[in-house]
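Visitor: The chain contents come next:
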Amino acid sequence: MAATSHPTRVAEFDSAARTHMLIALAFLAVAAVVGVLAALKAAFPTFGAASPLFSYGRLAPLATNSLVFGFLTFTNLAAAYFLLPRLTATEMWGEGLARLAGAAGAVVTVLALVLTASGASPNQGRLLGEFHWGFDLALLVFYLVPLTVALRTIAKRKVESIYISVWYVVGGLIWLVGLTAVGANPWIGGVGSALTTSFYTVGMVGLWSVGVGIGAAYYLIPRVTDNPLFSRPLALAGFWSLAFAQVWTGPAAMIYGPAANWIESVAIIFTMGMIVPGLAVLANFIGTLQGKWSLVRERSDLRFAVAGAVVLVFLSFVSSAEGFRSVASVVGLTQFSTGTRYGLLYGAASMLAAAFLYYALPQAFGRQLYSETAGRRQLQLMFWGVGGVTIFTWLAGLAAGYTWLAGAYTGAFASVGEGFAHTLSSTRTLGILALLAVLVVATAQIIMVLNLWRTVTSGAAAPQEVLVEAA
Amino acid sequence: MSDLAAAAAAMGGPEELVLRSAKARAQAAGVPVEDILAAWAAGGSAPSGSAAAAPQVEAAAQAEIAAASETPAPAVESAQPAQAPADAPATTAAASTQSAQVPPNPGGVVVVDRRAGAAPVLTGRVDRPELYVVGIVLLFLLGVLVAVVLPAQDAQSVAADQLPGTTPVLTDLAERGRQVYVQEGCFYCHTQMVRSAVTDVGLGTVTEPGTSAALAGDTFGHQRIGPDLTHVGSREPTSDPAYLRSFLVDPSSVNPDTQQPAVAYLSDEDLDALVQYLVESQ
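Line order of the protein sequences matches chains Z and E. The C-terminal position of the first sequence is numbered 471 in our numbering, with every residue numbered one higher than the one before it. The C-terminal position of the second sequence is numbered 282 in our numbering, with every residue numbered one higher than the one before it.
Hints should not be assumed to be uniformly reliable.
FRET-style restraints, in silico, Cβ to Cβ [what the hints assert, rightly or not]:
| hint | chain 1 | residue 1 | chain 2 | residue 2 | range |
| --- | --- | --- | --- | --- | --- |
| 1 | Z | Leu450 | E | Ser157 | 55 to 65 Å |
| 2 | E | Asn255 | Z | Ala50 | 17 to 27 Å |
| 3 | Z | Asp226 | E | Gln153 | 27 to 37 Å |
No farther apart than 25 Å at their CA atoms in a straight line, the calculated lysine to any residue pairs in the SDA-like style are these [to be verified]:
| hint | chain 1 | residue 1 | chain 2 | residue 2 |
| --- | --- | --- | --- | --- |
| 4 | Z | Lys158 | E | Val133 |
| 5 | E | Lys23 | Z | Lys156 |
| 6 | Z | Lys158 | Z | Arg223 |
| 7 | Z | Lys158 | E | Gly226 |
| 8 | Z | Lys292 | E | Gly135 |
I should point out that these hints are in silico values taken from the structure, not numbers from a laboratory. Ideal placement from N, C-alpha and C gives every residue a C-beta, glycine not left out.
This is chain Z alone, in the form it adopts within the complex (with noise of 0.2 Å):
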């Protein structure tokens, strides 16, 4: 059996993943300025009011959505791209045509976020969804392309066995197609609408996300550790948990609301079974790490990604919490499901993405890491910072949820009219503690960017990774 001898050429390898890895780095700074600024807008009204661009209406969409689909989107995209040839030990079909799209689908994303966020584009009026449906059409195209990529070179694999990786990264690309084309549509309206809106939330923050963030970390731990992945059963059984119940729990967010009965009652009870990826990929890391837990203290990657699932774990517990009605009654409506939904985006899936590039940006680049050091004092930024926001706006979303239903108790009505002055005085403080907190958080957000663009540009020469196709 001879060995086919035509490697990559080094200049084209691994060129869409830095491509993507650039066009992420770019947005993460514009998410962490846009996120203090609209965070600034929430704890003091009247900062810009002069102007429609520091509306808080205009601030919110663009700071959650330059994280979204700037930052997390093109993070994913290029550990899709790092990560197929590797895994299925042949070149990447279409190189060139994803740093095309990559580049392609960037300005369509800028020119969603500006549009929208300046006014000239309306609003679709979905969380996450707010790009008109005509951006959703042309962002539609250019993802279809990774998927493409990705069914091509799987399709001309040089292995049996397809790692687990790969499925996390497959399964992102056709859900985020899939939750695009759901959520651009814009003809359905009432419950219909309210229904897609929370389809399509959930599916964007668990399934895109959080996934592909996963995939990556399924695939750098075993690479760090030099440990064999401790288990493939549980991992796939975290997969497949992942796909068959994440997109089943978006109705819990309408819980006594318009929708049918029945479908909360399937939500809530999905929302339960969404503990379960989290805790299958958390033993999996653990189990992954044995007798390799010193070597989590010295990298950044292995910590981020540790931190990342702790955080996704944590989280799917509170989720599950808030899909019991006893629980929904109080703080449903309130700022409490923003907060987990925050400590998912920034933390576990910004955890998670920060993992694959601390990993995968110095080897695309073949560059030393240029500093370990920021690196910590990242995570320990994020930690606290995100953690901040995240128990800050808990503690207001029960704080309002208390005061709701005192005020229905006493009839003095605190929900409702000219009464809601003290469900604000109850949460006032707590939105300038936020404030804070989102500072560190932005914090930690440019420090990764400086440290990663200077590992780009500055870094000392160290191994480049290229694939050899096998035989």
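Chain Z is already provided as a structure; the job is to place chain E on it using the hints.
Guide: Chain E in isolation, oriented as in the chain Z frame:
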């Protein structure tokens, strides 16, 4: 200089990696590793292995051997001959000039991913990717059906069969105001959804499934940083358009404790439309 050091210098790679490649090559060729290193140090090709020996080596390792012997690092080195010495981080000025065309391999070092497709992949049964893809797609479509389509149909039939008249009929101005409401993101802080929960006692009639079913999009919202606005037009003093208008233009002058941001930047037409929509929200 040892053969290993000479081979590493010739190939432009770290000794550890060259040694690893040489061992794999030696195993495949059935010759001592020293012979391989000597051949590489001299700048020549390593001895060829027998065909019989090759299958004993994992495929990726063979690929590494092929890369090491037939397409070594010099291809990269020649492409980037003067870039970034290994132990000398570039200056800020140099970094900025490099940033436009990021060098993929500044050290001129090629490391073959020996374990690509091998570890950490667990071996075992052959996977069927087409079945996996079909499974992922089917589960997603099932989710769309059960979590969106069926309950939406349910809500539509309730609206059509049992609760005629629940769909609001807005004037043209109010309909435009509804668009302003969505455009300006009022739904980020306000809901228009009264639930059958204790906390919503006092907010008015519970929102039924057919509400706004005929209107594109929805204004149910997801959190209440401000109060629910389902029946804002039927309460005092917000049923008064003049009060609403002055409140929206300068909220803190009307209510010093409010968290409502001003929307004074809106045109008079948009502001009138928004006020009309809120007044008609009864």
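Visitor: Going through the numbered hints above, which ones does this structure break? Give me the numbers in ascending order.
Guide: Hints 3, 5, 7, 8 are the ones this structure does not satisfy, whereas the remaining hints hold.
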